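Residue numbers (the working numbering), protein chains in the order written: chain W, 207 to 330; chain R, 2 to 231.
Worth double-checking, as some hints may not be accurate.
Here are some, though not all, of the chain R residues that point toward chain W, as calculated from beta-carbon distances under 7 Å [as the list claims (entries may be wrong)]: (1) Thr78; (2) Val192; (3) Asp194; (4) Gly218; (5) Leu219.
Derived by calculation from the structure, the hints in this document are not laboratory data.
Computed from a predicted structure; not experimentally measured.
No residue lacks a Cβ here, since even glycine has one placed at the ideal position from N, Cα and C.
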Amino acid sequence: MAEEFHSSQPIYLQIMERVCQQIVRKELAPGAKLPSVREMALTFGVNPNTIQRTYQELERMEVALAKRGQGTFVTEDTAKLMNLKRDMQKQIIQSYVNNLRELGFSNEEMKQGLSQFLKEDHDD
Amino acid sequence: MIEFHKVNKKYGFNHVLKDISFTIRPGKIIGLVGPNGSGKSTILKLISGLTYPSSGEVSVLGEPANRRIASKVIYLTEADSFYPSFTVKDMLNFYESQFADFEQVKAMELLQFMNLNDSVKIRSLSKGNRGRLKLVLALARRAPILLLDEPFSGLDPMVRDTLVQGLLSFIDFEKQTVLMATHEIEEVETVLDELIMIEDGRFLGQYHVETIREEKGLSIKEWMKETYKG
């Protein structure tokens, strides 16, 4: 199989997440056409109905829109794309905060830890 | 559309299917799962009209299932039914002579996809390549119902991958419905729409695989382990 999934999570959500990442990274530019359902199904080695569901979900989030007879396209609405970017950031921060909170870190310690890490992380 | 209504099947004193009812809607890939001897193959034989229910009804595309249904049902059995002295090409020609919906062009595309040489004799094909050829013959037909009985059994992971890719590339999802009896569930988890579970000839349930992942947070394999234990 071309791609691996966590078998304990819905696959349509996992694919949706990957598409959203590509959109945020601008690998899929605003207004770009998404691959056809069949192409996607083959790339990921999943049922086309699963991809259909992914696309429906992306439309519901208004990140993508279907044009009749043409396919599905990334939205060109920059506000919507900003929202997506912010939502994804928020999700990651949320899990960072949750994990540290579980270990008993205070908010102040978290902030310090993060800025310390960023200072030392010269790769960036 | 395939419909089982209160189907019982007995072979002598052996009660292999017990009051089974379910409906399969078109355009789906459905996994038929259950331990060995639970009645999976009998269900496939009933749909293909190779055997009849002792009581109850089996209907396929609105008609009762009988031998005439063979033109609408593709049945890939677990056993090989090849003539060893035939070449791959002979086998394709034989299928073309037997099934009006067999498409040579599609068969050739499939051979290429599966990396099979059509001049090779069947007897010199490896087990993996015989598995591939079986799927080529099945997918080269246009019939609306495709039944696969343990299509992956005894095949290595590489072969399984090409078979799964072959299914995804060549099934016409608008027109074909696939029912696949298997116990190698992790190979096909990602391509299934639904699961029908049976045990000891009884219907346990019919489930959307994505719903299981969503609601239980388990892979299908893990969830089946729990279900069959309980």
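Going down the list of hints, with the structure as the test:
Contact between Thr78 of chain R and chain W, as hinted, is not supported at the beta carbon level, the nearest pair being about 24 Å apart and thus beyond 7 Å. Hint on Val192 of chain R holds. Least Cβ distance to chain W is approximately 5 Å, under the 7 Å limit. Hint on Asp194 of chain R holds. Least Cβ distance to chain W is approximately 6 Å, under the 7 Å limit. Taken as an interface hint, Gly218 of chain R checks out: its beta carbon lies about 5 Å from the nearest beta carbon of chain W, inside 7 Å.
The beta carbon of Leu219 of chain R is positioned within 7 Å of a beta carbon in chain W (closest approach about 5 Å), and the interface hint is therefore held.
Taken one by one, the earlier hints fail for this structure only at number 1.
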